[in-house]
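Based on these hints, arrange chain R on the given structure of chain Y.
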Amino acid sequence: MRRIVILWAGLAIASAVLGAAAAFETRATKLQAIKTVGIVSAIGEEMSLTRAGLTGLGNAAQSASISAWGLDELIVQQATKLLSGRFRVQPVTYRRAAFAAIKDSAIAPVNLLRSDPFKELVRSDIAPQGLDAYIVITRARSKLGNGRDVEGVGLAEYRTLLADYGLIHALYEIRIIDGKSFDVIEKRAAAPLDNTGTLRLAGPSGPVDETFGGSASSERLRAAIVDLITRSLPVTLGDMHLIEGQ
Amino acid sequence: MLPSPSGNWTVMVGIGGKYTPDFVGSKNGKFLPIPIFTIRRAGSIDQFRGPRDSASIALLDVGNFRAGPAFKYVSSRKGNKYAELTGLGDVKAAYELGGFVEYYPVDWLRLRSELRQGFDGHTGTVADVSADVIVPLIQRLTISAGPRFTWKSTKATAPYFGVDAAQALASGLPIYNARGGAHSVGFGSQISYRINPQWEVHAYVEYEKLLGDAADSPLVKLRGSSNQTTVGLGASYSFDFRIR
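Protein chains in written order, with my numbering: chain Y, 327 to 572; chain R, 92 to 335.
Isolated chain Y, as found in the complex (with noise of 0.2 Å):
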């Protein structure tokens, strides 16, 4: 029994390593190959406000509205200064709206089977058609807490019985999509940006201290946020093998 288990378990980890080592060298011949780019941005029209920790019943995640911020307006010019370096981007419309909307499923072996449901909105949505690559940037997902899922754009508070810790995150993940097979080329999250705080996200976030208070609060979250973003994307297309190694 215990031989059959670890003649299951060296296979299972050869086949890994195999179809690894296949998928980088598709991955990288593919990126070679692209000259021509749009970019689409969906993650900054709500910001959700959570609460974690010590908290009681029903305590559902709120949202407002920051669509007056112009993030995605400026997550697309961002990511243009820097891909203008070795890519020619072309400006594109799309449904904003329609790419926000898409979630993963919470099944987690469905979001590695299905088809990315991406791919067939990049195909009916976006115009031009025929660029060699669509770089779609689009909320990501992370756990507060326990049982808490945060999103996207967010403020975020930590309760304990002694004290409360403030966070504000702005969670994206970037794709590359070919413009030709629709196929996703590369799906990768934004990392944190450091590891000094003891209270972590999946992707970038920072402490709220006490300047978010008082009447210019929304201006100094949307400047912190936007320092986030900003300071996020070049290691995210970086890592992404886009733009040169920050």
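Since the hints were made in silico from the structure, they are not lab data.
Here a beta-carbon is modelled for each residue, glycine too, at the ideal position from N, C-alpha and C.
One should not assume that every hint holds.
[Claimed, not checked] Taking CB as the label site, the calculated pair distances span: (1) GLN455(Y) to ARG231(R): 49 to 55 Å; (2) LEU150(R) to ASN385(Y): 21 to 27 Å; (3) ALA549(Y) to ARG333(R): 24 to 30 Å; (4) LEU206(R) to ALA359(Y): 47 to 53 Å; (5) PHE278(R) to LEU487(Y): 39 to 45 Å; (6) VAL102(R) to ALA423(Y): 54 to 60 Å; (7) ILE106(R) to ARG414(Y): 38 to 44 Å; (8) ALA273(R) to ALA549(Y): 57 to 63 Å.
The following block gives chain R in isolation, referenced to the frame of chain Y:
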């Protein structure tokens, strides 16, 4: 599409140990060192985990409800290793495969249940139910505690607590036909303290009172104890690395 491995990862390495009964039903204990190693995407939350939880993967995750497969390895019981087991023979290692469900009605309360089927050492069914109140005192310091209950079928109970005629002759214990049912009830508590983003220390205690045929087994009544306590502690160091 399979996610790419490049990007930031967090590795946690450490060492722990636990003082636990020599075998289930024993009145004596032993110390076991336990290595700690996990790897996960940087920033992924290292979520609450109870010391009695089986290894599991949440294939279904809707925030406060998770479910997926679970696996537990039950080590073999060698008859010649402890004097109390003389004449009872060996019980081979068992592999328990099954599933778990976990629900957080609020962020600080976890309800968890596991149902597993044994292979090899025993071929019975095991069900675990537990609740944990998880209280973060401050951001770095969390304590948790709650009750536990285990049910086992006859096939999961008999190999460890039954005494057949041959075993009775060899061990001096009376013949005993152990049947399934409520196996144990208990209480567990743990405390974890994150010294800084890299270092974390934790300690726990799990008490279990054997019930039913397990508690009434001559192995437990004459040579062991129905009170089973495990105490554990550990320290771990986390660091990030980046794959490009």
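Each hint tested on the structure:
One distance hint, 49 to 55 Å for the beta-carbon pair GLN455(Y) and ARG231(R), holds here, with the actual separation near 52 Å. Taking the beta carbon of each, LEU150(R) and ASN385(Y) are about 26 Å apart, inside 21 to 27 Å as hinted. At about 28 Å, the CB distance of ALA549(Y) to ARG333(R) agrees with the hint of 24 to 30 Å. Checking the proposed 47 to 53 Å range against LEU206(R) and ALA359(Y) shows it holds: the Cβ atoms sit about 50 Å from each other.
Restraint check, PHE278(R) to LEU487(Y): a C-beta distance of roughly 21 Å breaks the suggested window 39 to 45 Å. Restraint check, VAL102(R) to ALA423(Y): a C-beta distance of roughly 40 Å breaks the suggested window 54 to 60 Å. Taken as a hint, the range 38 to 44 Å is violated for the pair ILE106(R) and ARG414(Y), whose Cβ atoms sit roughly 54 Å apart. The hint said 57 to 63 Å for the Cβ distance between ALA273(R) and ALA549(Y), and at roughly 60 Å that hint holds.
Checked against the numbered hints given earlier, the structure breaks hints 5, 6, 7 and satisfies all the rest.
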